[in-house]
Amino acid sequence: MFFKKTKSTIRDIDEFLNTIDQGILVFKEGVKYYLENDDDNFSKNLEKLYKLEAKADTIVLKIRNEFFEHSLIPQYSADVVSLLDHLDDIIDTAKENLFQYDVEVPDIPKKLNSEFSKLTDVSCAAAEAVIPAVRSFFNNPSSIKDNEHRVYFYEKETDVLASDLKRKIFKDTKHLKLSQKIHLRYFTLHIEQISDRAEDAARILSALAIKTKD
Amino acid sequence: MTFFFLSSGLFLGWSLGANDAANVFGSAVGTRMVSFKRAAIIASIFVVLGAVIQGAGATHTLGKLGMVSAIGGAFTVALSAALTVYWMTKYKVPVSTSQAIVGAIIGWNFYNGLPTDVTVLSKIISTWIMGPILGAVFAIILYYIQHVYFKIVGIHLLKQDAYIRFALLLVGAFGSFSLGANNIANVMGVFVSSAPEHYLNFGLFKLSGVQQLFLLGGIAIAIGIFTYSKRVMDTVGGGLMQLSSKSAIITVLSHSLVLFIFSSTGLSNFVQSLGLPPIPLVPVSSSQVIVGSILGLGLLKGGYNINYKLLGGISLGWIATPVIAGVLSFFALFFVNNVFLIPVSSENGNNTIKNKIFNRNSHKIKNNTKLLDSASIDSIKKDSVNSFKESTRIESVNDFNDKKEYFKKLIIKSGNKDKNISKYFNLAILIGIIAIIVFLISRWLNSIYRRNKLILSKNAQILEAQKALAEIETKYHLLENKQIEDKLNYKNKELTTMALNLIEKNNFLELLKSKIEEIKLETNDSAIIKKLNNLYLLISQNQNLENDRQAFQMHVDELNKDFFYKLNSIYPNLSKNEKRLCVYLRLKMSSKEIAALTNISPKSVEMSRYRLRKKMNLGHDEQLDKVLQNL
Numbered sequence: 001m002f003f004k005k006t007k008s009t010i011r012d013i014d015e016f017l018n019t020i021d022q023g024i025l026v027f028k029e030g031v032k033y034y035l036e037n038d039d040d041n042f043s044k045n046l047e048k049l050y051k052l053e054a055k056a057d058t059i060v061l062k063i064r065n066e067f068f069e070h071s072l073i074p075q076y077s078a079d080v081v082s083l084l085d086h087l088d089d090i091i092d093t094a095k096e097n098l099f100q101y102d103v104e105v106p107d108i109p110k111k112l113n114s115e116f117s118k119l120t121d122v123s124c125a126a127a128e129a130v131i132p133a134v135r136s137f138f139n140n141p142s143s144i145k146d147n148e149h150r151v152y153f154y155e156k157e158t159d160v161l162a163s164d165l166k167r168k169i170f171k172d173t174k175h176l177k178l179s180q181k182i183h184l185r186y187f188t189l190h191i192e193q194i195s196d197r198a199e200d201a202a203r204i205l206s207a208l209a210i211k212t213k214d
Numbered sequence: 215m216t217f218f219f220l221s222s223g224l225f226l227g228w229s230l231g232a233n234d235a236a237n238v239f240g241s242a243v244g245t246r247m248v249s250f251k252r253a254a255i256i257a258s259i260f261v262v263l264g265a266v267i268q269g270a271g272a273t274h275t276l277g278k279l280g281m282v283s284a285i286g287g288a289f290t291v292a293l294s295a296a297l298t299v300y301w302m303t304k305y306k307v308p309v310s311t312s313q314a315i316v317g318a319i320i321g322w323n324f325y326n327g328l329p330t331d332v333t334v335l336s337k338i339i340s341t342w343i344m345g346p347i348l349g350a351v352f353a354i355i356l357y358y359i360q361h362v363y364f365k366i367v368g369i370h371l372l373k374q375d376a377y378i379r380f381a382l383l384l385v386g387a388f389g390s391f392s393l394g395a396n397n398i399a400n401v402m403g404v405f406v407s408s409a410p411e412h413y414l415n416f417g418l419f420k421l422s423g424v425q426q427l428f429l430l431g432g433i434a435i436a437i438g439i440f441t442y443s444k445r446v447m448d449t450v451g452g453g454l455m456q457l458s459s460k461s462a463i464i465t466v467l468s469h470s471l472v473l474f475i476f477s478s479t480g481l482s483n484f485v486q487s488l489g490l491p492p493i494p495l496v497p498v499s500s501s502q503v504i505v506g507s508i509l510g511l512g513l514l515k516g517g518y519n520i521n522y523k524l525l526g527g528i529s530l531g532w533i534a535t536p537v538i539a540g541v542l543s544f545f546a547l548f549f550v551n552n553v554f555l556i557p558v559s560s561e562n563g564n565n566t567i568k569n570k571i572f573n574r575n576s577h578k579i580k581n582n583t584k585l586l587d588s589a590s591i592d593s594i595k596k597d598s599v600n601s602f603k604e605s606t607r608i609e610s611v612n613d614f615n616d617k618k619e620y621f622k623k624l625i626i627k628s629g630n631k632d633k634n635i636s637k638y639f640n641l642a643i644l645i646g647i648i649a650i651i652v653f654l655i656s657r658w659l660n661s662i663y664r665r666n667k668l669i670l671s672k673n674a675q676i677l678e679a680q681k682a683l684a685e686i687e688t689k690y691h692l693l694e695n696k697q698i699e700d701k702l703n704y705k706n707k708e709l710t711t712m713a714l715n716l717i718e719k720n721n722f723l724e725l726l727k728s729k730i731e732e733i734k735l736e737t738n739d740s741a742i743i744k745k746l747n748n749l750y751l752l753i754s755q756n757q758n759l760e761n762d763r764q765a766f767q768m769h770v771d772e773l774n775k776d777f778f779y780k781l782n783s784i785y786p787n788l789s790k791n792e793k794r795l796c797v798y799l800r801l802k803m804s805s806k807e808i809a810a811l812t813n814i815s816p817k818s819v820e821m822s823r824y825r826l827r828k829k830m831n832l833g834h835d836e837q838l839d840k841v842l843q844n845l
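Here the protein sequences line up with chains S and U, keeping their order.
Going by our numbering, the first sequence opens with residue 1, and the numbers climb by one from there.
Going by our numbering, the second sequence opens with residue 215, and the numbers climb by one from there.
Mixed in with the good hints there might be a few duds.
As the list claims (entries may be wrong) - Pairs of lysine-lysine residues, derived as DSBU-like cross-links and limited to a Cα-Cα distance of at most 35 Å, are as follows:
#1 K373/U - K62/S
#2 K707/U - K110/S
#3 K373/U - K171/S
#4 K156/S - K707/U
#5 K44/S - K705/U
#6 K62/S - K806/U
#7 K177/S - K365/U
#8 K4/S - K251/U
#9 K156/S - K727/U
#10 K745/U - K181/S
#11 K719/U - K48/S
#12 K110/S - K705/U
#13 K62/S - K444/U
#14 K174/S - K745/U
#15 K166/S - K701/U
#16 K523/U - K213/S
#17 K790/U - K44/S
#18 K174/S - K672/U
#19 K168/S - K806/U
#20 K177/S - K523/U
#21 K118/S - K705/U
#22 K32/S - K701/U
#23 K7/S - K696/U
#24 K48/S - K373/U
#25 K213/S - K701/U
#26 K251/U - K213/S
#27 K515/U - K5/S
#28 K790/U - K181/S
#29 K523/U - K181/S
#30 K213/S - K365/U
#31 K166/S - K802/U
As the list claims (entries may be wrong) - Between beta-carbon pairs, the in silico distance windows are:
#32 R203/S - F380/U: 25 to 35 Å
#33 L723/U - K145/S: 49 to 59 Å
#34 R185/S - R445/U: 57 to 67 Å
#35 S249/U - S43/S: 48 to 58 Å
#36 N18/S - G527/U: 46 to 56 Å
#37 N18/S - L693/U: 36 to 46 Å
#38 D700/U - Q22/S: 48 to 58 Å
#39 Q680/U - K145/S: 38 to 48 Å
#40 D40/S - I753/U: 48 to 58 Å
Worth flagging that the hints you see were computed from the coordinates, not collected in a lab.
All residues carry an ideal CB built from backbone N, CA and C; glycine is no exception.
Please put together the full structure from these sequences, using the hints given.
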């Protein structure tokens, strides 16, 4: 009676976390394909990310219903659901970003490719670090700290890299028009958003870790 | 009639169910780990089982303190305890049924002039102190066991939740059993001497008279659980200390263990068989034990979360409850015995006022008879001394008869006088009761008036707060709207930048093409001209902005959904291109920029603008871009 529903919810949470994790990887690959002008693979990744995002939305809705319908961990359910929603925001942002690459086709100078690639990697690393932290919250709350500090670290790194890149765009690329520079700046901001979403999730996780501590 | 007398005990049972079930299932229901319905069903079943199976031990000890030997006395004692519990609960003073009943029994002892067994009393009081201490000790031990267990096993949070839910039910069932076993003595203990002697045969099992009594008490507790305990359970979570579901298990389990220890005859016998002193089987306060358990956990965590003010109130309740119940019991017994003439004990069963009057009258009759006898002797002596004549003797005999008649009248008169005194006494008591009732009603009405006044003032405060909240909400919405507007502006700027980028790109390519044309005119080398032609072609191919345009228009469509919706509802006959033109105009783009974006000449844009104005039926004084901005 108690355990049947619990097992299915645990499975759903695991599947949701896997989906987010895969979504981040797909986004990272997608950006690389874009920078390498590999349109076919880029389109495939975009399509894949669309599907993963839709799947994540479906699962998170199911989990939310299960939590409130069966009043699972009633004292923390609101926080846990909010945490999952923030994780869902990560994949939403990733999808939105990749879609913008497809629609706006930013003209990224070749010499900035490595910076964009690195920025994407670090920003995604923050998001990737939040997934094991969430897993550890469910399995062993005392070990959250081992993982969550990585999220804050990568988020700060992303900020530093994004600032450097923006400086480079506006100072070192004199052949670009101002409009083009502004366009590129928007893309650095978009990439930064992924680590920001990861940081938001990590903050909720920190609060939950304190709340669940006996 | 017996059922009427039992009603006070049943009322006490109802109070106990209403209050003490929250000690067992309060945290579980308050934290929504267990539904109230499920908790109430389990608690009711196990309370009844505990009462019937194991209720005798603690009842025996209570009987030693004061064996209330008449059902009238038992009724009064239970009623006093119940009223104490009810009033104290009503005024939100923490109260214990065990303390109330012990206080009421001592009141009974005082009223009947019977000595209170100090050994038994000290045993009971010592368990009142030991109960919470033991609860705290158990809670600390159980906390460490649970903490180590969860640390070693490392269960998923949701599985942990499921286990805790199941454990709360199990522990709750055990707690309810212990509550029934230990506290049934409070409810039905005083009625034991009036229990029926015959057995009730259910086929599979038989219930003795006392067990039948306990079954009835258990049912009263169960009714209390179902009818009133929900509101107590809903509020218990935020009482002395905020409890997590894990802590809830610990407190309920330690509480159940303490109650079980102080009610289990088997355990007591086992301890005795080990050569240790027997465990006193005493009704302990369920509330006090749970408070002790919570306190133990609180102290273990540094004591920061403990509500010391509430703790002070609880301690005050511990002292006040037996005293109030005792005094109330004493006066209630006096009234029941003297006003309603109901015997309150078998020893003083004849000492009712009726019997007192009867005795007093008999005594007077005896005295008067003696007086009569002595009077007759005196008169005979007088007559013998002065016996001169037979007639005189006859006269004196007549005189004696008169005197005898006179004394007989005197006796009757004296009896009537006593009856009158009794009447006046009863009248005075009746007036007293009426006065007390009037006083209580006036107090009650006064309290209702005060409460209503308080509610009105609170309502006014709530209204004020709601007004303030509404203002804040309005401000918040305004701020939110501004944020959305800013976001939209930001997006529009982004869009404009993208458009400008496209235009710039186009212009640049046009410039390149014109430069190529110039170079072609300046040279005659056919090879260079061929290469320049190829380059011109390449640029022209690249200049095809169709893809960029499509992407841009898709973006425009996506971002301006609301605007398109409004446009559609006001001007439904606009074509898709005209709608897009509206968006460009709204973005404050010039005709030249629009022309570059849409790959048409600026003149065509002007024409489109003209047609758009006509379709929108705009007057000469109305500016198209302003109309679109305000849309």
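Here is what the structure says about each hint:
For the proposed pair K373/U and K62/S, the alpha carbon gap of about 18 Å is at most 35 Å, so the pair holds. Between K707/U and K110/S the alpha-carbon distance is near 26 Å, which keeps this suggested pair within the 35 Å criterion. In summary, the hint linking K373/U to K171/S is not supported, as the alpha carbons are separated by about 56 Å, beyond the 35 Å threshold. At most 35 Å may separate the alpha-carbon atoms for a hinted pair to count; K156/S and K707/U meet this at roughly 28 Å.
As the CA atoms of K44/S and K705/U are separated by approximately 27 Å, the hinted pair is consistent with the 35 Å bound. With a CA separation close to 52 Å, the supplied pair K62/S and K806/U exceeds the 35 Å bound. With a CA separation close to 60 Å, the supplied pair K177/S and K365/U exceeds the 35 Å bound. Taken as a hint, the K4/S and K251/U pair is honoured in the structure, with Cα atoms around 21 Å apart against an allowance of 35 Å.
The suggested pairing of K156/S with K727/U is violated, with an alpha-carbon distance near 47 Å, which exceeds 35 Å. Simply put, K745/U and K181/S have alpha-carbon atoms about 32 Å apart, close enough for the 35 Å limit, and the pair holds. Restraint check for K719/U and K48/S: the C-alpha separation of about 32 Å stays at or below 35 Å, so the hint holds. The straight-line distance between the Cα atoms of K110/S and K705/U is roughly 27 Å, inside the 35 Å bound, and the hint therefore holds.
Simply put, K62/S and K444/U have alpha-carbon atoms about 31 Å apart, close enough for the 35 Å limit, and the pair holds. The suggested pairing of K174/S with K745/U holds, with an alpha-carbon distance near 29 Å, which does not exceed 35 Å. Note on K166/S and K701/U: the hinted pairing holds, with a Cα-Cα distance of about 21 Å set against a maximum of 35 Å. A hinted pair counts as satisfied when its Cα atoms are at most 35 Å apart, and K523/U with K213/S qualifies at roughly 26 Å.
Distance hint between K790/U and K44/S is fulfilled; the C-alpha atoms sit about 31 Å from each other, no more than 35 Å. Between K174/S and K672/U, the direct Cα distance comes to roughly 68 Å. Violation of the 35 Å bound is thereby established for this hinted pair. A C-alpha spacing of about 32 Å is found between K168/S and K806/U, which places the hinted pair at or below 35 Å, so the restraint holds. About 70 Å separates the Cα atoms of K177/S and K523/U, which puts this hinted pair outside 35 Å; it is violated.
A hinted pair counts as satisfied when its Cα atoms are at most 35 Å apart, and K118/S with K705/U qualifies at roughly 26 Å. Between the alpha carbons of K32/S and K701/U the distance comes to roughly 29 Å, so the proposed pair stays at or under 35 Å and holds. Our distance criterion of 35 Å between C-alpha atoms is broken by K7/S and K696/U, whose separation comes to about 45 Å. Between K48/S and K373/U, the direct Cα distance comes to roughly 33 Å. Compliance with the 35 Å bound is thereby established for this hinted pair.
Under the criterion of a C-alpha separation no larger than 35 Å, the hint pairing K213/S with K701/U is inconsistent with the structure, at around 39 Å. At roughly 30 Å between alpha-carbon atoms, K251/U and K213/S fall within 35 Å of each other, so this suggested pair holds. Using a Cα cut-off of 35 Å, the hinted pair K515/U and K5/S holds, with the two alpha carbons roughly 33 Å apart. Pair hint K790/U plus K181/S holds up; C-alpha atoms about 31 Å apart against a cutoff of 35 Å.
Of the pairs offered as hints, the one joining K523/U and K181/S is violated, with about 65 Å between alpha carbons and a cut-off of 35 Å exceeded. A hinted pair counts as satisfied when its Cα atoms are at most 35 Å apart, and K213/S with K365/U qualifies at roughly 12 Å. For the hint linking K166/S to K802/U, the alpha-carbon distance of about 28 Å falls within 35 Å, and the restraint holds. The supplied range of 25 to 35 Å is met by R203/S and F380/U, whose beta-carbon atoms lie about 33 Å from each other.
About 56 Å separates the C-beta atoms of L723/U and K145/S, a value consistent with the hinted range of 49 to 59 Å. Evaluation of the 57 to 67 Å hint for R185/S and R445/U yields a pass: the beta carbon distance comes to about 60 Å. The supplied range of 48 to 58 Å is met by S249/U and S43/S, whose beta-carbon atoms lie about 52 Å from each other. N18/S and G527/U have their C-beta atoms about 53 Å apart, which keeps the hinted 46 to 56 Å range intact.
Against the hinted window of 36 to 46 Å, the Cβ-Cβ separation of N18/S and L693/U comes to about 39 Å, which satisfies the hint. Taken as a hint, the range 48 to 58 Å is violated for the pair D700/U and Q22/S, whose Cβ atoms sit roughly 34 Å apart. For Q680/U and K145/S, the Cβ-Cβ distance of about 43 Å falls inside the hinted range of 38 to 48 Å, so the restraint holds. Under the hint 48 to 58 Å, the C-beta atoms of D40/S and I753/U, about 26 Å apart, miss the expected range.
Checked against the numbered hints above, the structure violates hints 3, 6, 7, 9, 18, 20, 23, 25, 29, 38 and 40; every other hint is satisfied.
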